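Engineer: Chain residues, written in single-letter form:
There are 2 protein chains.
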Amino acid sequence: MSTPFSFELLAEDACGARRGRFHTSRGVIETPQFMPVGTSATVKAMTTGELKAMDAQIILGNVYHLYLRPGHERIAKFGGLHKFMNWDRPILTDSGGFQVFSLGELRKITEEGVTFRSHIDGSKHLLSPEKVIEIQEALGSDIMMQFDECPPYPAKRDYVAKSMEMSVRWAERCQKARRDDRRTTQALFGIVQGGMHQDLRQQSAQALAEMDLEGYALGGLSVGEPKELMKEVLSYAPALLPRHKPRYLMGVGKPEDLVMAVSEGIDMFDCVMPTRNARNGQLFTHTGPVNIKQARYRDDENRLDSECSCETCQNYSRAYLHHLFRQREILGLRLMTLHNLHFYLNLMSRMRTALELGQFQQFKEDFYHSYSNPSRANKNSGSPG
Amino acid sequence: MSTPFSFELLAEDACGARRGRFHTSRGVIETPQFMPVGTSATVKAMTTGELKAMDAQIILGNVYHLYLRPGHERIAKFGGLHKFMNWDRPILTDSGGFQVFSLGELRKITEEGVTFRSHIDGSKHLLSPEKVIEIQEALGSDIMMQFDECPPYPAKRDYVAKSMEMSVRWAERCQKARRDDRRTTQALFGIVQGGMHQDLRQQSAQALAEMDLEGYALGGLSVGEPKELMKEVLSYAPALLPRHKPRYLMGVGKPEDLVMAVSEGIDMFDCVMPTRNARNGQLFTHTGPVNIKQARYRDDENRLDSECSCETCQNYSRAYLHHLFRQREILGLRLMTLHNLHFYLNLMSRMRTALELGQFQQFKEDFYHSYSNPSRANKNSGSPG
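Those protein sequence lines, which keep their order, are chains H and X.
Here the working numbering = 1-based position in the first sequence + 378.
Here the working numbering = 1-based position in the second sequence + 378.
One chain only, chain H, in its complex shape (with noise of 0.2 Å):
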């Protein structure tokens, strides 16, 4: 069967950072891209409208909580997840494997799939490969997830090798129920897991390649493990991966953590952080993390990063967002939300721009000695303009 899913591969530097262009049937993603998280059908404290504002491509939607709430079936009579939450253009949405294997004791996992109970009313609920695939196509997403499992870290060797065959298992599953009609609008992703074993994520990763799907992610990291695991793995599984299809790290990261795997070859990021983080009053700023919380920014009245063009920065002072945050102003959460979603794109289109003129690693030194050198923080900042 033909698809219209196609990833064009437009530059490449010498360590495998990749410059690509993911085709969808809902319009193109640029990549190296970061995906903003939308939970339950809102990026938190966003409209639709910022988010376009701020080019933002693809937002995630979580099949876990939309199948609690409203329900799937719900958006499914609304005409779907882009018609209900007013976004017209792609939507990935994770498969709800996370989610539910971090109910713990609420949850009981076998071959047919996972049972659980709902952290909202304690209702029971089976999730397997096939009741995930009909959630997604109810919702319309444009890119979905395969239901997998994801171990935690630490985990015995043995276990995480048995969890990740039945994690490829899982993923025919998926891609037998997927319904004909819908296989030309609706991608289907692989999830390569393994853990922290070279030999276990080749073998992942060669059976989903095998299956030819559409694109691959890297799961079951940023669950715990040493950053420099995280590292040790992202040296070697992004190669593991078919070169001509999009492969999306899930769940990370810090901004200096998205820059490092892009130069490992990650195309595609999804993560909480610039989001949760603006709510708890960490921004992002091209001299590093900002803490808007502290005494110290209570009568600076300079811009929270000079270099931002965003609403937030170019309208406000620290010293206002320092108030706003202190009083939990909900214009605070808002102004924050946005600055540190325009930093995280941005600094994607940073990186874009930077593999298109061949000039990556300069970008990534020049980053890195910028990024961790605070001190510069306050010396740069204008006034509001």
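Rather than coming from a laboratory, the hints here were simulated on the basis of the structure.
Mixed in with the good hints there might be a few duds.
For identical chains, the list gives no copy identity; a pair is met inside one copy or between any two copies.
What the hints assert, rightly or not - Calculated lysine-lysine pairs in the DSSO-like style (CA-CA distance at most 30 Å, straight line): (1) LYS671 to LYS430; (2) LYS671 to LYS461; (3) LYS430 to LYS609; (4) LYS461 to LYS430; (5) LYS455 to LYS671; (6) LYS605 to LYS742; (7) LYS430 to LYS632; (8) LYS502 to LYS671.
As the structure is a computational prediction, the values presented were derived from the model and not from experiment.
Here the structure of chain H is known, so what remains is to put chain X in place on it, guided by the hints.
Structural biologist: Below, chain X without anything else, positioned relative to chain H:
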């Protein structure tokens, strides 16, 4: 001393409803006008850009809150409240009288002023007429309110009379405390007290009128009295005030109250209702209030108000708002606040047009007929565009 503040009376209907224009040094306020409440240097959940887009012409700030946090001196250092919060249209600051009297046990009233303990950290403070002017001059508001005592309802006539007389003396002290160089940029409004007693209201209005202030407010209403009593006071009190000065009814109220009060000759309003009720899920529509929490809206694909042109009604369904509210999503608070403020400002705009056309009585009849007929709400609603 000459003043740039003047009130133009553009039209007046037979019952006393007025279409006017208040000139300030920061621009014109078309009346009747509603002022969104921005207690802590932010209209909760809204950017100033959104407020401008819905044609808010003036917003409120609160002396009590801003004095405690972030402090009027800090705001003065930043160049005033307008610059601090990025709003370049007029601001009216409430004097703090109402807030400190709401503190109950935490405050003590004397002729000198009010001693109170902060609701934040228990620290002790004195607000006096002179202090309140100093604070408002530091904030740089375009309309300052006199310091007054707002007696509760019910209260003994003797107490209300003595309190009203003290509020008049406080008005005189406020007038005297004003810096000469600010008289041309910051107006001072007096506040008529006197409870539900016509003769006391008359005494208060007359004494304040003799001071030739730039505008006058009716205080001490919407403090728990029966609606019929408020109506009774509004049937005579506006006419006690100078005809060629703006008349401001403090803290009122529901949409139907605004229509009634405009009909009695009131020009300006403020109320937390559109913003606060939005956060509690009560939304105003042309067919009456909607409680978006109710299960009946869970599957309702219609827009909130079929006759509303706001961003919320143009882009989202009732079912989506219901979902956001149930999930306590920040976007829900935003979209619902935006709609309610739009509804209030649009109601005022429609009243201004009706007054210009000499059709206010007809408007009033139509409004009450439509607004008290919630059964029409669903029939007339189209889907979001």
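Engineer: Each hint should be assessed against the structure and marked as holding or not.
Structural biologist: Against the structure, the hints come out as follows:
1. Within a single copy, LYS671 and LYS430 get their C-alpha atoms as close as 29 Å, and across copies as close as 29 Å, so both meet the 30 Å cut-off.
2. With identical chains, the CA atoms of LYS671 and LYS461 are at most 30 Å apart between copies only, with a shortest distance of 21 Å across copies and 37 Å within one.
3. Neither within a single protomer nor between protomers do LYS430 and LYS609 lie at most 30 Å apart by alpha-carbon distance, with minima of 32 Å and 48 Å respectively.
4. When the C-alpha separation of LYS461 and LYS430 is checked against a cutoff of 30 Å, the pair qualifies both within a copy, at 15 Å, and between copies, at 28 Å.
5. With identical chains, the CA atoms of LYS455 and LYS671 are at most 30 Å apart between copies only, with a shortest distance of 20 Å across copies and 44 Å within one.
6. For a Cα distance limit of 30 Å, the shortest separation of LYS605 from LYS742 inside one copy, 18 Å, qualifies, whereas the shortest one across copies, 67 Å, does not.
7. Within a single copy, LYS430 and LYS632 get their C-alpha atoms as close as 22 Å, which meets the 30 Å cut-off; across copies the closest is 36 Å, which misses it.
8. For the homomeric pair LYS502 and LYS671, the shortest alpha-carbon distance between copies (25 Å) is at most 30 Å, but the shortest distance inside one copy (41 Å) is not.
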